[in-house]
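Participant: Chain by chain, the residues:
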Amino acid sequence: MKLRAKLAARAAGTLVLGLVTGIAAVQAQEVTIVLPEQPANLEPCRSIRADIGRVINMNITETLTDINVKSGQVGPHLATEWEQVDELTWRFKLREGVTFQDGAPFNAEAVVASINRLMNPALTCDSRSKFGDVVLTPSVVDELTLEVASDIPLPIMPTLLGTVQIVSPNMPFDQEVNEPVGTGPYKLAEADNEHILLVRDDNYWGEAPAVTEATFVWRSESAIRAAMVETGEADLTPAIAVQDATNPETDFAYLNSETTRFRLDMQMPPLNDVRVREALNIAIDWEGMGEALFGADVIRANQMVPPGNCGFNDALTPWQFDPERARALIEEARADGVPVDTDLTIIARNGFFPNAAESVEAMQAMWSELGLNISVQQLEAADWVRYLDKPFPEGRNPTLFQQQHDNNTGDAGFTVPVMYTSEGQYSTVENPELDAIILEAMTASGDKRCELFAQAFAMVHDEIIADVPMYHMIGFVRVGPRIDYQPDLKTNSEVRLSEIGFKG
Amino acid sequence: METPGETSSAAARTSPIPLPLRLVFRDPMAAAAVVFLVAIAACALFGPMLIGELVEKPNFRARNMAPFSLEQGFAYVLGADTLGRSLLARLVVGARNTLGIAAAAVLASLLVGGALGLIAGYSRGVLGNLIMRGADIVMSFPSLLLALIVLFSLGPSIPNLVLVLAITRVPIYLRTTRAEVLEVRERMFVSAATALGAGHMRLLFRHIAPIVMPTILTIGALDFATVVLAESSLSFLGLGVQAPAFTWGSMVANGRGYLASAWWVAFWPGLAILLTTLSLNVLSNWWRTYSDPHQRWRLELAKRSKAK
Amino acid sequence: MFGYVFRRSAQSLIAVAGLLVLVFFLSRLTGDPAYLYLPLDSTEAQRQAFNELNGFNDPFYVQFGRYLADLAQLDFGTAMSRNRPAMEVTLEAFPETLKLASIAMTLAIAGALVVGSLAAAKPNGFFDRLSMTVSLAGASAPDFWIAIVAILIFSVSLGLLPTSGTGTPLHWIMPIAVLMLRPFGLLTQVVRGSMLGVLTSPFVKTARAKGVSRRKIIFVHALRNAMLPVVTVAGDLTATLVNGAVVIETIFGWPGIGKLMIDAILRRDFALIQCTVLVTAVAIFLLNIVIDLLYAALDPRIRHQAA
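Chains as they are written, first to last, in our numbering: chain A, 1 to 504; chain B, 505 to 812; chain C, 813 to 1119.
In short, the hints are calculated from the structure, not lab data. Here a beta-carbon is modelled for each residue, glycine too, at the ideal position from N, C-alpha and C. Where hints are given, some of them may not hold.
[What the hints assert, rightly or not] Label-pair distances were calculated between CB atoms; the ranges are: (1) A702/B / A829/C: 38 to 44 angstroms; (2) E207/A / L919/C: 28 to 34 angstroms; (3) D343/A / A536/B: 27 to 33 angstroms.
[Unchecked claim] Footprint (simulated), chain B over chain C, 3 or more residues, beta carbon under 8 angstroms: (4) 829-837; (5) 893-907; (6) 950-959; (7) 1067-1077; (8) 1095-1103.
[What the hints assert, rightly or not] Among chain A residues calculated to face chain B with C-beta under 10 angstroms, some are: (9) S222; (10) A223; (11) A241; (12) T246; (13) G288; (14) N355; (15) A357; (16) E361; (17) A362; (18) M363; (19) Q364; (20) S368; (21) L370; (22) L379; (23) E380.
Could you build all of it, start to finish, from the sequences and the hints given here?
Facilitator: Next comes the structure, spelled out in structure tokens:
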């Protein structure tokens, strides 16, 4: 009797233990991710916005191509191969055996519909901005082949298509929605004002990811996000401030594909004098400020694309901190009649990036040491943006415009023309020689393209000194002890659940 | 034997120091409050002239330096902020903007709200209702939206900030004043004065207003803290005073990210705000006791117990 | 009585209308929404198209006319940034704030009444000084500072409470505690000041002389008469809480209407701004009517005036 009872007890115990660990094992496949902001909506054609893209990109919906951040090369994803048929047309072969999460077949027709939906004027698709004013005309060739034609040559069409989320043809064409349906490994299960739940789709065409369920929540204070991972309330946060990244076991720095700079009003005196522009670049204690405000891993920038980007010129030497020479240059300019006493204004944006305001204060103090009359205007985003594009506001003082630019596409074509050509929307540069180089780069492809962009960057940095590049910005992730996650260049705008693994 | 009353009046006749001052210094808390307020007023008036550069120039070697060490000199005894600037220096200089903005906003809203409240409470007709509905509109207008609109269209300057803060506070003084006036105007002395031929304005400003003043001033003293804190919240949301200008409130808002790693950046200015409010309130309570004929004996009694 | 409520409601409606007009026009003065809505690298053509699509290029009065026409059909517009009807989004968020605000204010008022009265009973005594200092200290520290420190202490260091979010009753403790500190501090001061005045008035002295017990004097006779300024200040504070719990909601991730409003404002989502303002305005006006009724209940002299 006693023996039987003991055996029964042991069996029960094992059963319970099995159940518990079983449950634990099941629960161990769920993650909670805390984001810095609530996604405004879940419309895939707006996924270029970081708040939306973090949840949707490569989780719920996917793209034809995928940019490998380490190599900068475009690789296949939903499209398996492609070729440029003529100057204005590209042909893509699509992957077989893929279906959308609602059962609709993935084929050329569906891709054509997705592209047309992106360009639909009735919708406000943010992702459209990558294409500028180009008109795309996609067409079906056969079940798994399509052609995409453009009205001007687009040598980087495959790269551009890496931003277009392919959605089910059943999604409303003329309406933006909050229920995205794609081909990705996760389905949208729940979404309300406090959380978003993604559940693994077992019909996914690719390798099944480890995470079975992911819950996204959001807190705007970095300290709270960091605290949540520390207490175990969350497993991962893709962005915390440098001052919260205090634990080297859980906090990892990563280049987040943003580069900061001050754009100079080059056409307005005294900023039209190259000596003044050089003085501005060497008057700043770059090392001291970088380490103090942005973390020891921040990288001094000489150009406006991050390392690894096609066009990145690693031969450029940074301007060194040399306040003596800076003062001398200003005096020299003054002696030549350049009006260095003109009132200059720094146009800064509230909450632009962590410690942005502090960096502006520091730089203003250091520039004032040169004897310049320089003041700060901290503006709210909607106000700041008036200075971003041409035409710039009339009657302004010569401005030093604080700017942060994101380029994780691997191609400098998204950066150089808009910033440095005479017609460029953000540009204050008017240099025909530079224009020619950039034009050639835009129509070239492959290595030639990268070389030409690198040449453009060299000219901008060494000869023209068109701006004051600051840093290649770094972000910090905090990764909880349960999971395995390596951040990369895209982490700021995408959180790929398939890249999350479990420890032990 | 002399009675306390005789003692004080005898003392009043002979001492050059005015009675209120002497009574204040008998009470240790009130005395401390006066000393503190005088000190920060001095900071506000003379601080920027005396301190100067320490406040603005970044000193990266001293960044986030912890307090209570004299390594980098006396100025850094309270520690340094992210750019290595002395917190003590910034506290002293920040007093001017902080006190200035708060005082201006409180004064403006007190005067406007009080005046409107007097009228609204006294009037028995449409005017009163109109004023109250106007106050309702202002009170329901989200202060954030108002701040954004004013600061966007008129520019993010300090006077505009004062304007925003003042506008949002007016309804409070208005409603409180009106409530008190509603009650006071039914009292006997008002009917008496009317019977004696007092006109409306005279009644309002000479008779009713002084009765209502203590409550309003109490609220004003408390409101000072609210305004300083509201300005701090505006800074938290990015709408407050803009760099390089700063107030204690903006120092706390900007330092909040460092609470886990460099607590002193946000702590000292927060403490300064707290002590200022505390002092104002202690003084206002003291003044309320002093000015009320029914209550003054408590202060004078305190004097006698010390003389024992 | 009903006549009074009806009149006040009618007046309030006019005020709400006035507020809506103000918000409508003033929010459109804050700049071009295309700049904020669309990505920075959008082209001019894309921005123009956006403005055309949403009718932002029309003159203000045309936009306003359209808005009124929609309102008449109870169509409050679509929250552009969210792809959802604005009123739906607003009515989801508002009860969350109400929950926080009502509990916080109730606790604050109750606490203030007790502490303030006891303090006033023995002015300048030990309890008076202590309670005054403590309550004032709570009211003088920035709420985000207190919130973050509380989270650091109670969640991270001690592991007693969750950091943020909603869900279990445990999640409510810190947000409400932080939210009620300022009202409690302010109201304690007001109660004390008001009670001080009342406790020295003739009728109290009469009651004392008649031998009425101390407790009865404070809590039954004196309190009632001291309530007027308390009711006013409490009412104002509740209104501020509804409008301004934004900091607490931001830090604790509480999906309330304060956070919704600031998001809408910063994104220039006009329909959502108008909706949130409308809902909070109506709530505040209702609150004011209740307060006015309370005045009348507390003070018979006013009651006769109001009737």
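Participant: Looking back at the hints listed earlier, which ones does the structure fail to meet?
Facilitator: 2, 3, 5, 21
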